[in-house]
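Protein chains: 2
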Amino acid sequence: MENWQIEQLHTLFPSERFFTSTADLYSYSFDASFGEYIPEVICQPLHVEEISTVVKKANEWKVPIYPRGSATSLSGGPLPVKGGIVLDMSQMKDTLTIDQENMIATVSPGVLTADIHRAAEEVGLFYPPDPSSALISTIGGNLLENSSGPKGLKYGTTKEYVIGLEVVTPTGEIVKTGGKTVKNVTGFDLTRLIVGSEGLLGIVTEATLRLIPKPQAQKTLLATFHSPVDCGKAITEVLRHGVLPAAMELMDNACIRAVEHFQPSGLPIDAGALLILEVDGTDVSTENEIGHCQTICEHAGAISVQVANNEEERAAIWKARKMVSPAVTELGPTKISEDATVPRGKIPEMMERLQEIRERYQLNLVVFGHAGDGNLHPNIITDKRNTEEMKRVEDAVSDIFETAVELGGTLSGEHGIGLLKAPYLEMEYGTAGVNLMKSIKHAWDPNHVLNPGKMFAEEGQTKVVLT
Amino acid sequence: MENWQIEQLHTLFPSERFFTSTADLYSYSFDASFGEYIPEVICQPLHVEEISTVVKKANEWKVPIYPRGSATSLSGGPLPVKGGIVLDMSQMKDTLTIDQENMIATVSPGVLTADIHRAAEEVGLFYPPDPSSALISTIGGNLLENSSGPKGLKYGTTKEYVIGLEVVTPTGEIVKTGGKTVKNVTGFDLTRLIVGSEGLLGIVTEATLRLIPKPQAQKTLLATFHSPVDCGKAITEVLRHGVLPAAMELMDNACIRAVEHFQPSGLPIDAGALLILEVDGTDVSTENEIGHCQTICEHAGAISVQVANNEEERAAIWKARKMVSPAVTELGPTKISEDATVPRGKIPEMMERLQEIRERYQLNLVVFGHAGDGNLHPNIITDKRNTEEMKRVEDAVSDIFETAVELGGTLSGEHGIGLLKAPYLEMEYGTAGVNLMKSIKHAWDPNHVLNPGKMFAEEGQTKVVLT
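Here the protein sequences line up with chains A and B, keeping their order.
Numbering-wise, my numbering puts 141 at position 141 of the first sequence, and it's gapless, one number per residue.
Numbering-wise, my numbering puts 661 at position 194 of the second sequence, and it's gapless, one number per residue.
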């Protein structure tokens with residue numbers, strides 16, 4: 001950027017919401033992936049008009065603009081890979097309104113997702129999407145990545161709960177899409193196109209979310225199995241019996257060991273797989289269903305099945321799952337967190353193939369994930385300074401993607417393509433499919449100012465793990 | 468079209484799937500709205516490759532191509548308004564596969580939606596979208612219109628159940644979008660963009676649908692009220708108590724009278740509103756919930772509440788709802804069926820405003836609809852040969868749309884924009900929003916060959932009811 005451009009931008013923002021110092025620029029150079037790119041200026045907008053004005057300037061100057069929430073992205077989504085302007089949306093958080101009668105929430109993009117959960121639950125309502133970052137990630141980021149967490153099988157993904165948006169387009173126009181009704185077929189569905197568009201098609205400045213009645217009760221069990229195959233059988237049988245759990249969380253042996261090493265709590269470190277299963281509904285239905293699930297797990301050959309008898313025991317079970325991330329992070333300095341997703345019935349095969357990849361490349365690979373919707377999280381623990389090992393990591397990641405697609409699955413269930421998976425997009429979508437996507441991007445953003453360098457690989461770009 | 472073009476098309480299809488006689492062309496000139504436009508040739512494709520070839524020819528020749536399922540559209544969706552080729556998709560129905568383990572269905576576009584219901588239910592699964600045309604409409608048409616029926620509140624719309632598509636693009640490319648997993652954030656969500664795109668962006672040649680476990684039990688009640696306002700209160704209270712009914716069907720006094728006149732069954736013709744409410748779930752939960760709902764209706768001032776005690780009584784209640792369409796059709800030669808949708812809390816106000824519109828224009832206006840999701844179906848019964856009355860109909864329809872948008876709702880909940888609502892699109896979306904839609908259409912279909920003349924009004928086109 002030219003100095004005069006930075007100066008002109010500065011006239012639009014008070015100094016406490018405009019940053020150009022080296023320390024500040026470095027603070028905004030990373031996300032939860034491992035890329036590092038320095039932007040040229042940071043703005044913290046509070047109003048849609050400010051954003052519209054900045055985007056119009058950026059479009060006129062052909063300067064890149066990178067919107068960002070809490071930067072918890074694991075795919076490099078908000079990284080300012082071409083410099084330019086970072087638009088820090090985290091301070092735009094003045095609206096969090098629950099309309100109880102119509103069961104909808106209206107939210108600003110900087111509101112934390114966990115705060116939406118709390119506000120809805122206070123009035124007996126429920127916002128099901130629950131990415132594990134919910135305590136610190138913003139709803140704006142969640143929407144643009146369509147990140148959803150464990151409840152996808154029963155409740156669908158984030159997209160299923162977004163019914164209206166206010167958006168600033170790549171040319172700076174303010175547009176409202178959808179509305180306050182669950183049913184809306186007026187024109188093309190721009191709402192769902194923008195949700196999951198990773199900030200390439202527009203900046204969300206307000207969202208209308210559909211809520212549902214809060215389930216009265218939850219019941220939770222923890223089962224361990226000799227192998228992921230046994231565990232997969234139990235999952236299939238549960239569903240075949242007409243039970244639709246709110247969550248089914250799977251951990252492999254390496255993951256169990258990591259958690260037990262991190263904070264010993266008596267997990268069986270020889271078990272091949274661990275399953276946390278939760279049902280929700282009424283007191284009576286959850287009681288019945290968890291009993292069914294227990295029997296099914298036992299018949300599928302579970303080593304142990306433990307049903308939580310009270311809230312304390314339930315919290316203890318979930319603690320094992322919630323320690324996965326810190327436990328895995330402690331294993332090494334660099335964590336590559338993938339989210340390859342396969343049709344649920346292919347989970348046992350995918351688990352076996354991941355085991356083979358682990359052995360082939362001699363890597364520290366742990367697997368956990370949302371088994372109900374086939375969304376696995378293979379995590380490779382490495383050190384990005386070890387270039388020899390990182391080469392093997394690259395090859396392993398390629399193999400993981402190829403295997404997921406081969407099994408009828410997808411590169412990404414909820415982390416997005418971002419920077420890190422861009423070279424693999426055509427593997428899944430083919431050239432014609434990617435061209436349809438690019439043509440929308442080009443039509444809406446002819447100067448490619450909104451989050452450039454993401455989703456679509458640059459000419460000659462192959463594997464970006466090492467950048 | 469030129470003769471040589473028709474001859475060249477004929478070489479692609481055997482004569483039993485290729486029609487050009489006047490009688491055949493007239494057979495394909497209408498849908499369930501009241502427009503009539505004569506196409507130039509009809510093809511009945513059976514394979515995706517045939518469609519790709521026809522579309523490539525049409526694109527090369529700049530000849531319009533109109534895909535069509537069972538033509539049950541109420542918005543003129545498949546009408547061949549600019550002549551050209553009608554692609555009758557109804558014979559492409561060879562695939563209807565239920566993958567029980569992964570809870571997904573793979574279907575050809577010509578499969579009837581009711582056949583998907585049956586196939587899923589045979590193995591204990593459930594496909595919730597249920598447009599009232601389900602017995603005769605094709606899944607391809609349902610998807611492209613995103614028509615959903617009564618269960619939108621609890622189960623979401625058709626779009627929420629489509630996870631993968633095979634599509635022929637407007638330039639004849641064959642592209643697969645999405646896949647077999649509930650979670651998929653690989654690239655822009657082309658699947659949900661194409662669902663509801665009314666055949667302007669692509670022709671669906673195969674779809675992958677998400678299924679859910681079939682609820683064990685249903686319980687149904689019929690309640691009558693002095694006024695729609697009392698009925699609206701009951702609906703709000705039911706939801707406030709944490710009950711999420713599978714369906715809440717509302718009929719106004721004019722609608723009750725029409726049904727009772729059509730086939731007397733003891734409906735109270737003086738009641739201001741009738742509500743059919745159904746809950747589903749387990750035996751125990753439905754028993755509890757229907758009891759709650761009964762009490763709530765009584766407290767809200769219901770004149771009568773009748774809970775079905777067995778399947779026979781349940782069928783009798785639903786019969787009243789299912790007779791609405793034939794009963795209303797009998798009232799006059801032309802039925803204008805709208806689907807203005809408002810936030811649920813605005814239903815009482817919308818009902819009052821519809822009553823005012825009825826009186827202002829002195830029209831035979833009956834109202835029924837899916838109260839849970841705010842999706843009302845105001846039907847105007849008229850005679851299109853009566854030009855004086857049709858002028859009042861036009862004005863009334865305009866008023867209905869304006870009122871819906873003013874109350875925070877939308878022009879169309881599930882019938883689509885098609886031909887009849889095109890002039891009103893900007894009223895809801897504004898010029899900038901409509902331009903975003905048009906830019907996608909133009910980028911994907913530069914020669915505007917796929918279903919031209921729909922969704923976007925032609926220059927100078929205002930109200931099209933009379934065309």
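You may find that some hints are simply not true.
[As the list claims (entries may be wrong)] Lysine to any residue pairs mimicking SDA-like chemistry, simulated, CA-CA at most 25 Å apart:
1. A:Lys93 <-> A:Ile212
2. A:Lys233 <-> B:Gly591
3. B:Lys681 <-> A:Thr286
4. A:Lys56 <-> A:Phe456
5. A:Lys176 <-> B:Val872
6. B:Lys560 <-> A:Thr286
7. A:Lys233 <-> B:Asp566
8. B:Lys681 <-> A:Pro213
9. B:Lys523 <-> A:His241
10. B:Lys523 <-> A:Val434
11. A:Lys214 <-> B:Gly550
12. B:Lys681 <-> A:Pro423
13. A:Lys322 <-> A:Ile269
14. B:Lys681 <-> A:Ser439
15. B:Lys905 <-> A:Ile212
16. B:Lys905 <-> A:Ala432
17. B:Lys851 <-> B:Gly875
18. B:Lys524 <-> A:Val434
19. B:Lys643 <-> A:Ile212
20. A:Lys62 <-> A:Asp94
21. A:Lys214 <-> B:Lys700
22. B:Lys681 <-> A:Val243
23. A:Lys233 <-> B:Arg827
24. B:Lys681 <-> A:Glu330
[Unchecked claim] Quick list of the computed label-pair ranges, beta carbon to beta carbon:
25. B:Thr564 <-> A:Glu356: 26 to 32 Å
26. A:Asp115 <-> B:His766: 32 to 38 Å
27. B:Ile770 <-> A:Glu121: 51 to 57 Å
In case anyone wonders, no lab produced these hints; they're calculated from the structure.
Computed from a predicted model, the values in this text were never measured in an experiment.
The beta carbon of each residue, even a glycine, is placed where N, CA and C say it ideally should be.
Q) Taking each numbered hint in turn, which are not upheld by the structure, reported in ascending numerical order? A) 6, 9, 11, 12, 14, 15, 17, 19, 20, 23, 24, 27
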